[in-house]
Amino acid sequence: MRIGVFFCQSAENRNLNIDAIAKYSANLPEVETVQILRIKPLPDVNFISGQIQEHKLDRIVIAGDIPGYYKPLFTRAMAIAGAGTDEIYLASFQEHGARGENAMDRAKAIIACAVMGVPFPLAAVPGGNPVNHATLIIGGGIAGIQAALEIANAGKQVYLVEKTGTIGGHMAMFDKTFPTLDCAACILTPKMVSVGQHEMIRLLTKSKVMSIAGKPGAYRVKIKKNPRYVDVSSCVACNQCAEVCPVKVKSEFDAGISLRKAIYIPFPQAVPNAFLVDAENCTYILSGGNKCGVCVKRCPKECINLNEKEEILDIEVGNIILATGYELLDATRIEQYGYGVYPNVLTSLEFERLTNASGITGGRIVTKTKVFNKKLNKDEWIFSPEGLPPRSIALIHCVGSRSRKYNQYCSRVCCMYSLKFAHLIKEKVPNANVYEFYIDMRAFGKGYEEFAERIKHEGTFVVRGHSASVAMKEGKMFVKGEDIINDRFVEFEVDMVVLAVGLVPSPDTEELSRILGIQRDSDGWFSELDYNGSPTDTDKGGIYVAGMCQGPKDIPDTVAQASAVAAGVLRSLTSGKGIGHLSSLSLSEIESRARALHKI
Amino acid sequence: MAIRVNPTFINELDRYGAEDVQLCYQCGDCSTVCPHADEVYRFPRKSMKLLQMGLEQKLETTLEPWLCYYCGQCSEQCPREADPGETMMSIRRWLISRYDFTGIARLFYKSRTAEVLAIIIVALITGTFLLLNGFSGGSIKVYDGEGAFLPSNFIHRFDLSVGAIMLVFLAINAFRMWKMVMVRGTSFHIPWWLYVREFYQIIWHFFTQKRYSECEKKRGHALYMPWLIHLGLMLGYVTMLVLVMVFIENLQAGPEIQWKVHIFGYLATIGLISGTVYFIRGRFKKHYIQYKKSHGTDWVFVILLFLIVTTGITQHIFHRTGLIELANVTYVLHLMSAVPWLLRMPFSKWAHLIYRPLAMYFAAIRKEALTRQASVQNLYPLVVK
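Quick mapping for you: the protein sequence lines, in order, are chains B and U. Counting from 1, one number per residue, gives the positions in the first sequence under the numbering used here. Counting from 1001, one number per residue, gives the positions in the second sequence under the numbering used here.
Bear in mind the hints are in silico, worked out from the structure with no lab data behind them. Wrong hints could be hidden among the right ones.
In silico DSS-like links for lysine-lysine, alpha-carbon gap of 25 Å or less [stated by the list, open to error]: (1) U:1367 to B:480; (2) B:480 to U:1049; (3) B:368 to B:248.
Small disclaimer: the values here were computed from a predicted structure and weren't measured.
Kindly generate the complete structure, drawing on both the sequences and the hints.
Here is the structure:
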């Protein structure tokens, strides 16, 4: 067999050093010639057929990002040269994922397989190992909960790791879901309770994944379980400890608009329904056990142990699901809207908590009131149930999204939740003027466009034009923008501004990608194996992504993806094999496997 | 009337410096932050839109580009980094080439080689002419009076003829501008007396550049004062133009310093040198967003002006210190750089000296005429309490 390797590669793929790959392929057995062709304009068919005749080639390998594009050309060249047209193999760098850190090794393996005439996935995907029937899910938001329930309901063991004290994630913070305006908690809390009570789910709150070893089907995971300081099984959430606790800090669950104690329960429906201690703020823990400790004395069940130590757990699982979610972009970075400077400029999550019936104002939409803080000796702006309702509210879309300065991408949910806010405001404060500033209305899902139309008819001023600034003049807040459709400038005096802040990956994404060896895209989200074909798989076998950690998506999509992941996990469990993916083998392994296959 | 769309218009403007227009997604941030945009003249977004849509004929009748002084706030704010400020600048370049009936401006803007070549050729012709003239009638050892190398009455005639050529071109172009903007581009009636009533606008904007001063905002940089520098540069230039065209014989008299005229010359020189140095420095350092991108013509503009000023003041000093030969040589060099400059003026950036005040004038007339129409009431800002 006389083989010719032809590179048809545009210079765009910066990860690949074509010269080095060409040198490598020249050393492969039976390779007669290696040529790097220029692709603009297309290589001349007569030249190629001349080369085929000159080197007496009977097999051709076309290498590049999209070699299939050039295949007709080479087929013709082979026909002109009088050789058989069957022996044309494609070494497709793009299709087989030669990108990222080990792009070069992957590209070499792809070439080696093509030269030997072995399909790359056959050589590169390891055969199934016996699979461990337990599954690890990282992240206890709606994606993690859904996947956990799907798998556990099929009778398989699930470990659900959550870094905070409760599962529920961001969805627990929401008031309503769009476009159906269902109560988010009514959908989520039953699921949370089933997770908490499920015999097949082991819930690990306040926990973090430290390291991972093993291969698809048999991963050994080390998990650090931070102390909760409260015994979950005996705590009855009677709230007596929080009554006596002297430390007040901003509540994460309420997006910082209300205060909680250092010993607290994130929200009344939390699962596990037990208190926990915030070690970073607890006086007793910070002073090394010398001060305070009143909660321990107060607790009627004697379940508080402030000297609890962290625990390291070693678990063995077959599959891992990543569902780490997202967080909001830091709105203080976008200075023109005055977030953090003007009291009544809120982020979307803050507004979500404000309008929620379980929030600090009991669901009343009010503006902040000025209160004198004796401790800090200065005025503070806080929400209180006695606050005045706003007479007008501006909702500004695309804050930090679709911008070359912050996030290039569209955060997908902001248009819809802003419309939802407009509806909630109109419902709760019917006299308020609501101004919605948008650039493009992205109402893409089922029923979304209808929802947008409905909001427009509810009396919201929908302004096509991004507001560039929020300014304070004589104690009044003004939002200025260009109303492009009506061809005029608009300037509204508003009492409150809600910023539809863009979404960014959760801060743990980077560390996890390092620990697990999962690639991230340029925006920081986890990369799926193939966006269209396998949107839940990663390039590492037995590890899946679900929900926002793969990219912004709304709740229906998240739930659907979580269920899809569960199907992937159950597929591997029922087949009894851990499904490996490409990157689990090294170059030399793939080469030797290809050689073995080649001989058959 | 049907409007013709030029689908490749955006590519054409690319040559004038508007490279990123396609990125714009019409959010309107730029118009909102612009200190000059008002209800009637809302830019830069609208200009960007006309450009994106290829509405060449409509864009050439707009005055918005001339109302922009390029403070760069829009470009700083733009979420797409589409650089609206630079786009407005590019539209101004394009407009200069549209107002120009000869097509020279268009050639210069599109080809830097052509521009530099033309300047060199005119400079050489001027130099040869002056040298031939000088050696035929005088001596290089004499600066002024009998047997002078470049007698002041000869230079006076020479200046006036160059100035006249410049003025003719400029007047024709300004007329074309008026026709494009006020006749073809205005669909509503403009009463003639508005032209009289608003005439002060030309003088006012020419000498104060009031609108430019509104552009300045604090940037925490002591040297940021483009309006002041620009005003100094412009006033210096105009003073010098008047001195050269009218009082050249007094200017050249000497070797004693003629304080009555020379004091103006010195002041003008200070304005011109500080201005050119400031803008050259700005274009090198790229501190501010408006200096980030420099079109070829911008460089030619500042550098040539700097050369004219330095050679002018040098020949003056040589003359006063008795170095007559050197004074004559630098004088020839001065004229060699000044003549191409003057002849180039109607086709270059410097034409904004005329176009901008004219545009302010036209804009005021248009706005006033529009306000007189009842329909304009709807344009006023929506006041919602």
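What hint numbers does the structure not satisfy? As far as the earlier hints go, not one is violated by this structure.
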